[in-house]
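**Student:** Residues per chain, in single letters:
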Amino acid sequence: MEEMFVFRQVDSIVFGMLSPKMIKKMASAKIVTPELYDKEGYPVDGGLMDIRLGVIDPGLTCKTCGSKLKECVGHFGYIELARPIVHFKYVGVILSLLRSTCRECGRVLIPKNKIESYRQALERIEQEEGLLERRKKIAEIITGLKTANKCPHCRSRQQKISIEKPTSFLENEKRISPIEIRSRLEKIPDEDCEIFGINSKFTRPEWMILTVMPIPPVTMRPSITLESGERSEDDLTHKLGDIVRINQRLFENINAGAPEIIIEDLWDLLQYHITTFFDNEVAQLPVARHRSGQPLKTLTARIKSKEGRIRHNLAGKRTNFSARTVISPDPMLDLDEVAVPFEIAMKLTVPERITKWNAEYLKSFVEKGPNKYPGSNYIVRPDGKKKKITDETKEQLLEELQPGYVVERHLLDGDIALFNRQPSLHRMSMMCHKVRVLPHKTFRMNPAVCAPYNADFDGDEMNLHIPQTEEARAEAEILMEVQTQLISPRYGLSIIGCVQDSIAGNFVLTKGKGVRMPYNEAVDLLLSVRINDFSKLPKKSIVTGHDIFSCLLPNDFDFKGKSKNDEQVIIKNGILIEGTMDKATLGGGSGLMLRNLHKKYGPKITIDILGKMFRLGIQVLLKYGFTTAISDVELPDVANQKIKESLDSARKEVYELISLFEKGKLDAFPGRSIEETLELKILERLNTARNETGLIVANNVDRTKPTIIMTDSGSKGGPLNLAQMSACVGQQAMRGARISKGYNNRTLSCFSQGDLGPSAHGFIRHGFKEGLTPSEFFFGAMTGRDSLMDTALRTPKSGYLYRRLANALQDLRVEYDDTVRDATGRIIQFNYGEDNIDVSKSEGGNLNVKKIIESI
Amino acid sequence: MAVEEYKDKLPLKIQEELNEIIPKNTAKSKLNMINEQVYKEYMKMKVEPGEGVGLVAAESIGEPGTQMTLNTFHFAGVAEMNVTVGLPRIIEILDGSKAISTPMMEIYLKSPYSKGKNIKELATNIKETTLKEAAKEISVNISNSTIEITLNMEKLKILNLNVAKLAKQLNESTKGFHVKAADDSISFKPRSKNTELNEIFKLKEKLKDVYISGIKRIKQVLPVKRGDEFVIITAGTNLHEILSLDFVDTTRTTCNDIYEIVEVLGIEAARQTIINEVSKVIDAQGLNVDIRHIMLVSDLMCHNGNIKGITRYGVISEKSSILAKASFETPIKHIINASLVGEEDKLNSVIENVMLNQPVPIGTGLPSLVSRKVPE
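For the record, the sequence lines run as chains E and R.
Numbered according to the numbering used here, the first sequence terminates at residue 897, and the numbering increases by one at each position without gaps.
Numbered according to the numbering used here, the second sequence terminates at residue 358, and the numbering increases by one at each position without gaps.
I should point out that these hints are in silico values taken from the structure, not numbers from a laboratory.
Hints are supplied without guarantee of correctness; some may be wrong.
[Stated by the list, open to error] Taking lysine-lysine pairs in the BS3-like style, the calculated list, with each CA pair at most 27 Å apart, reads:
#, chain 1, residue 1, chain 2, residue 2
1, R, Lys(-5), E, Lys882
2, E, Lys892, R, Lys(-11)
3, E, Lys640, R, Lys22
4, R, Lys147, E, Lys613
5, E, Lys892, R, Lys315
6, R, Lys315, E, Lys641
7, E, Lys641, R, Lys290
8, R, Lys315, E, Lys891
9, R, Lys26, E, Lys882
10, R, Lys28, E, Lys645
11, E, Lys891, R, Lys328
12, E, Lys178, R, Lys290
13, R, Lys290, E, Lys891
14, R, Lys315, E, Lys338
15, E, Lys892, R, Lys(-5)
16, E, Lys347, R, Lys328
17, R, Lys10, E, Lys892
18, R, Lys315, E, Lys177
19, E, Lys177, R, Lys290
20, E, Lys640, R, Lys(-5)
21, E, Lys613, R, Lys22
22, R, Lys(-5), E, Lys891
23, E, Lys347, R, Lys290
24, R, Lys315, E, Lys347
25, R, Lys12, E, Lys892
26, R, Lys(-9), E, Lys640
27, R, Lys315, E, Lys65
28, E, Lys345, R, Lys315
29, E, Lys242, R, Lys328
30, R, Lys28, E, Lys640
[Claimed, not checked] According to the in silico footprint, chain R covers these stretches of chain E (three or more CB under 8 Å from chain R):
#, region
31, 340 to 346
32, 452 to 460
33, 597 to 606
[To be verified] Partial chain R-side listing against chain E, Cβ under 8 Å, derived:
#, residue
34, Lys(-9)
35, Lys(-5)
36, Ile3
37, Asn7
38, Leu13
39, Met15
40, Tyr24
Where a beta carbon is used, it is the ideal one built from N, C-alpha and C, also for glycine.
When you get a sec, could you build the whole thing from the sequences and use the hints?
**Tutor:** Next up, the structure:
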């Protein structure tokens, strides 16, 4: 069995203009009638839906190429225009050409002896600075020629040429007809075109005035058959219908010798239709509309902007073999796994080629058919024909199977999948996971990988793609698998780490002296975490949390670090000797223990240990129970008294400041008015008050309560949140200042005018537990809404910045000589980042020299 | 200490670090071992050829962009000035916009001024002062149609000006008026008898903003203590003139207007300024972005000697590929222009190949096989 692999690659694309000759040559039909279909509903010959232009109806064959629907790509047609028409998109070029060439002889208005020097200058600029600069220089030359009023070649006088937008040209306020324009453009010699940046090999100036027009193939303007059997034509077909109709009318009128005025009118109308065919958003023209009043979507609108051809269909493409559903957490999965529902696993398939060694194995999938789980949906014959497997065809196909056939089997555990969540802001937004086919209808993943995806489970949906070729799978596995993405290329630290419950759980386990539990309970705990090697667990009747945690670590792991509250954490020979596990050691970002594990043992083992730690934390919480309540933040009366005093004194001091201000005794800060100074001082005082209360709360709260365990371990919340709950929410700020807008001289109508006190400007002195007064609640709502607005305004702005950055930087790459270059080979950097260090392989962007020295 | 053998193989920064950390009297064999180990680790960290560092940099700056605040202004400390921070500032820098919203300078001083000597006086002398600020009152005497300015003598003294000098200066900037100086006032009298009152009022308004002393464009000055030295922070920039003052430490004084830096200090300084300004904003937001990414963006913006913003008129317009430009913004314009010249798209960057469903020449798409035909 021999296969031919033909591999062709497009090498380059040249852009140019179509000459009338070319248009006729590439056309397979001349369009002469605006009619579309005859009485039977069959396309009219010479009509816009002529079957020589391609087919869009099933059953018909294309008259040009003989192929059927979907095989025929379509063919162009053309119409002969009764009178020449200006191509709207080239109006600017035509104007500058008319202005700077002689109306008689067609030469550029540059003296003979200077032409050569201009040309050389342009060539030099193009070589040195590129096409863009050349274009600028050309524009400069052209503006210089505007004022010349005598041709240096034939000495004829030049007239002033102006433009009447959109498509008429005036000479001395008198209109020049496109016929005249065309004949003038024809006169421009090829050499002179060059000075205008027109390469006559590809573009002749007179082609900018259309005499024939190409008709796009029907395949790019298919009609839709409505339920009622009625045909609804594409916008382009409508527009082309108008053009052909007016063109025919113009022909008839000219032939009948109609008065000039009628012909002129029709000519203008034709110009309008052709202009709107190219661009329906021309500023000076009325928009062409459907009968319903909705504007027609013509060529320009099809190409440009986000929904246009380029950005929507060419730069971004749709894929098959993908799925999307809601996500939910499952800590019992490994980090690099994703749980896929059966329903999805039976729709997405993996192609596998039959060889004589796996024939039996693959046959078993075909036998099961498409409706039983590890089955298959299609087989592909060696000639590329795809056959659907159904219960009826199953038997027959099974017999047909032989090496060389491809079976598209259902997803199995361990298959490679790409998992993605939008917005895909960085490369960790799309990672490679291993499939686990499981019941229920959501994708499930380990909550530790939420961080790179920026996902939560409040209804988020994610996408899953199944790579279909060996190459794609290998690349996905090597470059995109979760363990290869542990270190963020943004700052060189891990972004995947323990989160939430797992941090709290490990904290509980190892806090202080650690939990103590009987040996068998510890074994139970470890087993539930899928650890079955208990050799490291001391053979004592009672073991501690530290002992249990040590079971996770490799035997030769040493680590010295600090926990969140600056206590020492010491691991020696894989045994946690001292210290508490918390966010500083387990978490992402600066989670240093993880970083060290990664450095020493590589991604595979790190991710395994991380998974174990994660499950351990959760199992600990399950075993001991963990629940939070607002009563957790209750404070002793003494503390409450202290908070009250602190807030009262702040209030008093603020009023002192105000009275000082009212007496005019307040000294202004340099460069500020007294009012501003007062605001700043008050703001500062109130902020210190809130911080004081925060300290009081932090020192007096009951550290055994779950809420406090959460903040202490770093799993969720911080001292600020505690203080806001139990003591004082604090100053609500909008744009860096106290709330000041609202009514005349006051924020809310319940305050007196001119009140400068804390409570009248958004200071919330109560905690959430105590409850807010109505006005305080309102201030909270104000800032809440302000921040919502901020987010809503920021998203599109940063999105646009990102798009621009990505577009500008996307083709920079490191070359084999270590330089960073762009696509044309221009050097941007001689050494990437001055030292060639890849951030995602570094430690926070550095090479840790100290550690190497210590290790020696 | 770095060993001779590795001098060319290790980056300067690492060599410096080695020189700093390792004690001088370390044995040669140990030195060699350390160097070798460092070199090994360094080789592991090196970027691989083909790595799409551009896109990684774009991601690394674009992604935290979504987390930044939009709050335009920020009061650092109690009494500092308003500065544009956050996303708007980043956009402003990367746009390469000529007029930035809050131009600022940080003027470092030479000793003894940096210790606080005459700091207030220096600051006020730098500031651009207009007549309005040096005058107690500016009034129009309708009966004899003159303008009378009563001056603030204390202020004049600080500014090193006297009435006569000031009058002479004002004379130069007004036409058609007699300027007369008195003890603490200056009066303006129209030369021709029938000057309309209207014009006198106009002059009065004009006089208010007439520049009399200091450095132009420095709108606000603020001496601040940084560590144990004094620094003058200004709103408004004029790098050229500030650097020519003799009490200014020219090695450290900077401003945040990139175009001014290019003009005065050159493109390399501008590149560094872009890096500094961007990382300043990112750090202030508590975000973490490696400096290499910012360097790359900055290098791209400055690589041909002029500052090019990351916009369709700047960096992106310089791309060679028509399709790449067209896929960004204004596709029709690019295609029309390309058709005139018969431009050729060589398809050697990323997006055109995506459009054509071909492998992109970056990363794993870069290497290809060259096969030699075996003669039969």
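**Student:** Against this structure, judge whether each hint is valid.
**Tutor:** Results for each hint:
no.	hint	verdict
1	R:Lys(-5) with E:Lys882	holds, 17 Å
2	E:Lys892 with R:Lys(-11)	holds, 20 Å
3	E:Lys640 with R:Lys22	holds, 14 Å
4	R:Lys147 with E:Lys613	violated, 80 Å
5	E:Lys892 with R:Lys315	violated, 56 Å
6	R:Lys315 with E:Lys641	violated, 55 Å
7	E:Lys641 with R:Lys290	violated, 43 Å
8	R:Lys315 with E:Lys891	violated, 56 Å
9	R:Lys26 with E:Lys882	holds, 8 Å
10	R:Lys28 with E:Lys645	holds, 21 Å
11	E:Lys891 with R:Lys328	violated, 48 Å
12	E:Lys178 with R:Lys290	holds, 19 Å
13	R:Lys290 with E:Lys891	violated, 40 Å
14	R:Lys315 with E:Lys338	holds, 18 Å
15	E:Lys892 with R:Lys(-5)	holds, 16 Å
16	E:Lys347 with R:Lys328	holds, 25 Å
17	R:Lys10 with E:Lys892	holds, 19 Å
18	R:Lys315 with E:Lys177	holds, 15 Å
19	E:Lys177 with R:Lys290	holds, 16 Å
20	E:Lys640 with R:Lys(-5)	holds, 22 Å
21	E:Lys613 with R:Lys22	holds, 26 Å
22	R:Lys(-5) with E:Lys891	holds, 14 Å
23	E:Lys347 with R:Lys290	holds, 25 Å
24	R:Lys315 with E:Lys347	holds, 16 Å
25	R:Lys12 with E:Lys892	holds, 15 Å
26	R:Lys(-9) with E:Lys640	holds, 23 Å
27	R:Lys315 with E:Lys65	holds, 26 Å
28	E:Lys345 with R:Lys315	holds, 10 Å
29	E:Lys242 with R:Lys328	holds, 18 Å
30	R:Lys28 with E:Lys640	holds, 15 Å
31	340 to 346	holds (count 3)
32	452 to 460	violated (count 0)
33	597 to 606	violated (count 0)
34	Lys(-9)	violated, 11 Å
35	Lys(-5)	holds, 6 Å
36	Ile3	holds, 6 Å
37	Asn7	violated, 14 Å
38	Leu13	violated, 10 Å
39	Met15	holds, 6 Å
40	Tyr24	holds, 6 Å
The earlier numbered hints that this structure contradicts are 4, 5, 6, 7, 8, 11, 13, 32, 33, 34, 37 and 38.
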